[in-house]
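Trainee: Residues 758 to 990 in our numbering are what the sequence shown spells out, letter by letter.
Rather than coming from a laboratory, the hints here were simulated on the basis of the structure.
Small disclaimer: the values here were computed from a predicted structure and weren't measured.
Be careful, since some hints might not be right.
So the derived label-pair ranges between C-beta atoms look like this [said to hold, decoys possible]:
| hint | residue 1 | residue 2 | range |
| --- | --- | --- | --- |
| 1 | G807 | R966 | 32 to 38 Å |
| 2 | T919 | A831 | 40 to 46 Å |
| 3 | A786 | G961 | 23 to 29 Å |
| 4 | A777 | G917 | 43 to 49 Å |
| 5 | G764 | D877 | 38 to 44 Å |
| 6 | K879 | T813 | 30 to 36 Å |
| 7 | G945 | T813 | 49 to 55 Å |
| 8 | T963 | V826 | 43 to 49 Å |
| 9 | S816 | R870 | 49 to 55 Å |
| 10 | L850 | P911 | 19 to 25 Å |
Below 25 Å or equal to it, Euclidean Cα-Cα: the simulated PhoX-like pairs (lysine-lysine) are [to be verified]:
| hint | residue 1 | residue 2 |
| --- | --- | --- |
| 11 | K833 | K854 |
| 12 | K854 | K879 |
| 13 | K854 | K874 |
| 14 | K882 | K844 |
| 15 | K854 | K882 |
| 16 | K879 | K847 |
| 17 | K879 | K844 |
| 18 | K874 | K844 |
The beta carbon of each residue, even a glycine, is placed where N, CA and C say it ideally should be.
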Amino acid sequence: MIEYPAGTPGPHVFVDSLDAMHLDADDLAHLSKSLRMRDGDPLTVSDGQGNWCRATFSSSGSLQSNGTVHSVPARKRPLTVGFSLVKGSKPELVIQKLTELGIDRIVVLAAERSIVKWDDDKVGKAMQRWQRIIREAAMQSHQVRLPTIDALVPAIDWLGGTDVAIAHFGGNTIDASHTSIAIGPEGGWSDDELLAATQRVSLGTTVLRAETAAIAAGTMLTAASEHTQSDGG
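Using the sequences plus the hints, can you model the full thing?
Mentor: Here it is as structure tokens:
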């Protein structure tokens with residue numbers, strides 16, 4: 758039986774290696790000052806690669822393992838959500854929630870009708886911020902694998918992938934056969950982008966904001982995947 762850290766006592770943190778578990782300065786400050794943890798308090802620790810263990814907190818930052826290292830295998834078919842870059846802090850919200858849901862790969866797309874246009878410098882700074890958001894969201898939701906993130910990928914190129922389905926009215930119901938869903942910008946997909954896509958899926962009968970659609974797609978993907986696993990698929 759595969760064991761997960763969710764439901765175990767204490768917070769969840771990431772370290773570089775479970776062989777020598779040491780908290781970085783920011784995590785140590787958060788646990789000791791914000792969460793008021795004391796020496797000996799329980800928590801769980803992961804390397805972000807699927808391995809985790811129970812441990813006890815130490816104000817020195819060095820953690821002591823309490824037993825077995827558990828390994829959670831990666832999905833045979835990783836789940837991916839791609840969404841077109843949107844304004845303001847909305848990408849951060851989407852990335853946070855997709856991480857909490859357990860999506861394996863996040864792709865920030867540059868669609869032809871995207872209103873937001875970033876240069877390489879802004880993309881680099883955003884990636885640093887997004888990686889931090891991913892880590893914090895994975896800690897909060899007790900994930901054992903950190904999702905990967907790519908930006909900014911030209912939508913016209915990514916939509917041509919054989920496993921990518923675009924969210925569009927009139928599409929098929931999302932089920933376990935789907936592993937990658939693309940969300941268009943507020944202005945919708947261009948004609949060329951629609952032609953590039955080989956599959957379409959529906960997110961329902963209402964018009965959703967781009968950020969809501971991306972989170973809904975992630976929810977439907979993970980639900981379909983977990984339903985199949987529970988059935989022995």
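Trainee: Out of the numbered hints, which ones does the structure contradict?
Mentor: Violated hints (numbers, rising): 2, 3 and 6; every other hint is consistent with the structure.
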